[in-house]
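Colleague: Quick mapping for you: the protein sequence lines, in order, are chains A and B. Mapping of the first sequence onto my numbering: position 205 corresponds to residue 205, and the numbering continues sequentially without gaps. Mapping of the second sequence onto my numbering: position 210 corresponds to residue 1210, and the numbering continues sequentially without gaps.
Source of the hints: derived by calculation from the structure; they are not laboratory data. You may find that some hints are simply not true.
Here are a few chain B residues that sit away from chain A, every Cβ distance over 10 Å (derived from the structure) [what the hints assert, rightly or not]:
hint	residue
1	Asp1032
2	Lys1039
3	Ser1140
4	Gly1158
5	Gly1160
6	Arg1202
7	Asp1254
Restricting the straight-line Cα-Cα distance to at most 27 Å, the calculated cross-link-like pairs of lysine-lysine (BS3-like) are [what the hints assert, rightly or not]:
hint	chain 1	residue 1	chain 2	residue 2
8	A	Lys3	B	Lys1068
9	A	Lys167	A	Lys94
10	B	Lys1253	A	Lys193
11	A	Lys131	A	Lys3
12	A	Lys23	B	Lys1064
13	A	Lys110	B	Lys1172
14	A	Lys111	A	Lys167
15	A	Lys110	B	Lys1168
16	B	Lys1038	A	Lys27
17	A	Lys27	A	Lys68
Just so it is clear, CB atoms sit at the ideal spot from N, CA and C, and this is done for glycine as well.
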Amino acid sequence: MSKLAIFDYGAGNLFSLESSMRKNGAKQVSIIRDMDTLDEFDGLVLPGVGNFDPAIISLEPFRRTLEKASVTGTPILGICLGMEMFLERSEEGKLNGLKLLKGYVKMLDKKKVKVPHIGWNNLNITNSSSKLLSGVPNESWVYFVHSYRIVSQEKEITMASTEYGTKFPVVIEKGNVFGTQFHPEKSGAIGEKIIRNFIGVCIKSK
Amino acid sequence: MTLAKRIIPCLDVDAGNVVKGVHFSDVRIAGDPVSFAKKYTHEGADEIVFLDINASHEGREALKTVIKEVARVINIPFTVGGGIRSLHDTREILLSGADKVSINTAAVKNPELVSQLMNLFGKQCVVVAMDVKRHYISHSTEKASYWFEVRIFGGREGTGIEAIGWAKSVEKLGAGEILLTSIDTDGTENGYDLELIRAIGRAVRIPVIASGGCGSQEHILEVFRRTDVEAALAASIFHYEKATVNSVKQYLKDNGINVRI
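Extracted from the complex, chain A is given alone in its bound form (with noise of 0.2 Å):
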């Protein structure tokens, strides 16, 4: 069985996100409001569409859940805004992140590349062990649509990076914790395996 959550912070689209669930895999999809019932679910989704301070205090009241979820239980998949709530803080907002990974959210530097970073661009794997990117070929094209990239303080999290300006981390896991920064869901039949691979690592987990 593989039942995954996808949480609503309230701010757009997550009917593309939960069809592609469907067809790859999962039998069931919720859109929840609340983590109140997370131990009933295999995987747990926190999409990519809205802006840090507004989805931070949508997840305020679950913090703990979501701690005590990263080291024990239910696997968390991270997309774009999704998985920059993972970092400590965002140069997007004021309030404090998650703090499920170590270091910080940091614009794109405009004056070397045009901000947004929107369209389809190459994952440069580095980790050939990664759960999600199994079977996934090195320079695939994956689609992007951010402002912001990630800094790891944990340099071995990274699975992959790729290059807009600067070399950044796209593709994380760490325990339970797995994040892209590009839109899997949107990312043509490459973006559907990684996420049939997320849903396998749902199923093992429980």
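Using the hints, position chain B against chain A.
Modeller: Relative to chain A, chain B alone:
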């Protein structure tokens, strides 16, 4: 490698049918949006834009049912424009399955809306569409002089707003991208409006999508070689099967343009 240049087929939709107009009028019906979207995705389109061309004029909302159907069949990004006036409209469009909204008339009438959308949904969701036409001060064949005017309501109404300044304003307000259509070249199939595209491209630091005038793959190569736009939008060359998205991308790649294949 670096960011790929995007090829974006555009579906102009009116009452559930894909249409393609010449100079924003003389609309001809060309087919069903869902099958077009599916076909383009399979052929390697980088994104799809879906414009409800009469929504703004007639006060109709974009056709949400069609959006849902289109969103279900594709796994690439998807922008919807036409008749989006408020936060409420935007949320409804996004919840129907769109990744971004494109606003045009509403941005001119109520610039604050751009900031509000950005704050709530993030700037990656907000595309400001600009329909631009040369406004002639003198038609003299020796020295024609003109400025670029922003037009609204599907090109039917002038605003008196100068386009380059407007592009800078929408960037400041928080737009994530500009979808730039030249009314002078739209539907002519004689090539993109390079002069306009360069002028806007130089004025802003957000991605610009070129639109209006594409009649062949050579026009797409030309716009990528001679301007610094991130993306080219085209409708008729794909609708009427003069070219496939695949064949255009292969042609661009053979000519040294970085595209996703």
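Colleague: All hints, please: hold or fail.
Modeller: Quick rundown of the hints versus the structure:
For Asp1032 (chain B), the non-interface assignment is confirmed: its Cβ lies about 20 Å from the closest Cβ of chain A, beyond the 10 Å cut-off. At roughly 15 Å from the closest C-beta of chain A, the C-beta of Lys1039 (chain B) stays outside 10 Å, upholding its exclusion from the interface. With a cut of 10 Å on Cβ distances, Ser1140 (chain B) stays outside the contact zone with chain A, its closest approach being about 37 Å. Non-interface status of Gly1158 (chain B) relative to chain A is upheld: no Cβ of that chain comes within 10 Å, the nearest being about 29 Å off.
With a minimum CB-CB distance of about 29 Å to chain A, Gly1160 (chain B) clears the 10 Å threshold, and the non-interface call stands. No Cβ of chain A approaches the Cβ of Arg1202 (chain B) within 10 Å, the least distance being about 12 Å, so the stated non-interface status holds. Every Cβ of chain A is farther than 10 Å from the Cβ of Asp1254 (chain B); the closest lies at roughly 18 Å, confirming the non-interface assignment. Pair hint Lys3 (chain A) plus Lys1068 (chain B) holds up; C-alpha atoms about 23 Å apart against a cutoff of 27 Å.
A distance of roughly 25 Å separates the Cα atoms of Lys167 (chain A) and Lys94 (chain A); the hinted pair therefore holds under the 27 Å criterion. A C-alpha spacing of about 25 Å is found between Lys1253 (chain B) and Lys193 (chain A), which places the hinted pair at or below 27 Å, so the restraint holds. For the suggested pair Lys131 (chain A) and Lys3 (chain A), the alpha carbons sit about 19 Å apart, so the restraint of at most 27 Å is met. Taken as a hint, the Lys23 (chain A) and Lys1064 (chain B) pair is honoured in the structure, with Cα atoms around 21 Å apart against an allowance of 27 Å.
The hinted pair formed by Lys110 (chain A) and Lys1172 (chain B) meets the criterion: a straight-line CA distance of about 13 Å does not exceed 27 Å. A C-alpha spacing of about 15 Å is found between Lys111 (chain A) and Lys167 (chain A), which places the hinted pair at or below 27 Å, so the restraint holds. Taking the CA atoms of Lys110 (chain A) and Lys1168 (chain B), the gap is near 15 Å; set against the 27 Å cutoff, the hint holds. Taking the CA atoms of Lys1038 (chain B) and Lys27 (chain A), the gap is about 24 Å. The hint holds against a cut of 27 Å.
For the hint pairing Lys27 (chain A) with Lys68 (chain A), the CA-to-CA distance comes to about 25 Å; that is within 27 Å, so the pair holds.
When the structure is compared with the earlier hints, no violation turns up for any of them.
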